[in-house]
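Novice: What follows is the residue order along each chain.
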Amino acid sequence: RKEVEQDPGPFNVPEGATVAFNCTYSNSASQSFFWYRQDCRKEPKLLMSVYSSGNEDGRFTAQLNRASQYISLLIRDSKLSDSATYLCVVTVNYGGSQGNLIFGKGTKLSVKP
Amino acid sequence: DAGITQSPRHKVTETGTPVTLRCHQTENHRYMYWYRQDPGHGLRLIHYSYGVKDTDKGEVSDGYSVSRSKTEDFLLTLESATSSQTSVYFCAISESDTYEQYFGPGTRLTVT
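As you go down the protein sequences, you meet chains A and B in turn. Under our numbering, the first sequence has 94 at position 57, and the numbering climbs by one with no breaks. Under our numbering, the second sequence has 84 at position 88, and the numbering climbs by one with no breaks.
No lab work stands behind these hints, which were simulated from the structure alone. Bear in mind the structure is a predicted one, so any value in this text is a computation, not a measurement. We put the beta carbon where it would ideally sit given N, CA and C, even for glycine. Certain hints may be false.
Far from chain B by the CB rule (all over 10 Å, computed), these chain A residues [as the list claims (entries may be wrong)]: (1) N49; (2) Q68; (3) S86; (4) G143; (5) S147.
Below, simulated EDC-like cross-link-like pairs (lysine to aspartate or glutamate); rule was C-alpha separation at most 20 Å, straight line [claimed, not checked]: (6) K149(A) - D76(A); (7) K79(A) - E96(B); (8) K49(B) - E68(B); (9) K82(A) - D52(B); (10) K79(A) - E40(A); (11) K145(A) - E52(A); (12) K149(A) - D34(B); (13) K66(B) - E91(B); (14) K49(B) - D69(B); (15) K142(A) - E52(A); (16) K142(A) - E55(B); (17) K145(A) - D114(A); (18) K82(A) - D119(A); (19) K82(A) - E91(B); (20) K66(B) - E55(B); (21) K53(B) - E40(A); (22) K79(A) - D34(B); (23) K53(B) - D69(B); (24) K145(A) - D34(B); (25) K82(A) - E96(B); (26) K149(A) - E40(A); (27) K142(A) - E68(B); (28) K142(A) - D34(B).
Residues of chain B placed beyond 10 Å of chain A at every Cβ, according to the derived structure [claimed, not checked]: (29) T13; (30) H37; (31) S65; (32) T67; (33) T73.
All chains, full assembly: derive it from the sequences and hints.
Specialist: Here's what the structure looks like:
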């Protein structure tokens, strides 16, 4: 089983739509969770951290279900500028470090006028 | 944006030649990382550093070495480049190993 799995998409949605991305992870010891976005030919940029209680940042809401090892990202009122690839990221142990990141392959979102 | 630069930004080299990529940060963060990104794969960790002269291997470290002689610089070396090392290489920094990471702009390396 892959460590972090995401639906690759693409998700093609009209402006103003609500879209949800899901992610599952295999390492039950993972401690930290993030969503990054990556524009074409650019570096990944942190979108938001994901907390057990769920958290919201404007139009973006992230949820974590540790029992099911499941993370979600909800985008409301989609904008053209939301078009990007969204990466689900969890931390795993490597050597003496607690928090090396494992990235999903990403879900591509395309918001159309 | 976090102060991270990578050099060179683009490089074409021949099989068998040595290549060194540089990551420079101005944030004084303790942790630095090298990743590669290839189509069909997520970002994969090559090596990381948790302090000056302290480094460790990641998931795909074969064929790569790293060095960190100063807090601000983390070098990735391909001792003898192969075509399978054609990729986009990203450097990242973090204050702590459990905190979010911030990425540099990337280096596109082509090995012919």
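Novice: Look at each hint and say if it fits the structure.
Specialist: Hints versus structure:
1. N49: 20 Å, holds
2. Q68: Per Cβ check, Q68(A) is inside 10 Å of chain B; nearest 6 Å; violated.
3. S86: 6 Å, violated
4. G143: 7 Å, violated
5. S147: Answer for S147(A): holds, closest chain B Cβ roughly 18 Å.
6. K149(A) - D76(A): Holds. K149(A) to D76(A) sits at ~16 Å (cutoff 20 Å).
7. K79(A) - E96(B): Since the Cα atoms of K79(A) and E96(B) sit roughly 18 Å apart, the hinted pair holds (cutoff 20 Å).
8. K49(B) - E68(B): 12 Å, holds
9. K82(A) - D52(B): Given that 20 Å is the threshold and the Cα spacing comes to 24 Å, the pair is violated.
10. K79(A) - E40(A): 24 Å, violated
11. K145(A) - E52(A): At roughly 15 Å apart (the allowed maximum being 20 Å), E52(A) and K145(A) satisfy the hint.
12. K149(A) - D34(B): Given that 20 Å is the threshold and the Cα spacing comes to 27 Å, the pair is violated.
13. K66(B) - E91(B): Between K66(B) and E91(B) the Cα gap is close to 16 Å, so the pair holds against 20 Å.
14. K49(B) - D69(B): 11 Å, holds
15. K142(A) - E52(A): Judged against 20 Å, a Cα distance of about 24 Å means the pair is violated.
16. K142(A) - E55(B): 15 Å, holds
17. K145(A) - D114(A): Holds, at roughly 17 Å.
18. K82(A) - D119(A): Roughly 13 Å between the alpha carbons, so the hint for K82(A) and D119(A) holds.
19. K82(A) - E91(B): Cα-Cα ~16 Å, so holds.
20. K66(B) - E55(B): 24 Å, violated
21. K53(B) - E40(A): This hinted pair holds, its Cα atoms lying about 18 Å apart.
22. K79(A) - D34(B): 13 Å, holds
23. K53(B) - D69(B): OK: K53(B) and D69(B) at ~17 Å, within 20 Å.
24. K145(A) - D34(B): 15 Å, holds
25. K82(A) - E96(B): Measuring from Cα to Cα gives roughly 10 Å; hence the hint holds.
26. K149(A) - E40(A): It is violated: about 32 Å lies between the C-alpha atoms, which goes past 20 Å.
27. K142(A) - E68(B): 29 Å, violated
28. K142(A) - D34(B): 10 Å, holds
29. T13: Non-interface label stands for T13(B): nearest chain A Cβ at 25 Å, farther than 10 Å.
30. H37: At roughly 7 Å from the nearest Cβ of chain A, H37(B) sits no farther out than 10 Å, so the non-interface label is violated.
31. S65: Answer for S65(B): holds, closest chain A Cβ roughly 20 Å.
32. T67: 17 Å, holds
33. T73: T73(B) clear of chain A: closest Cβ-Cβ about 19 Å, beyond 10 Å.
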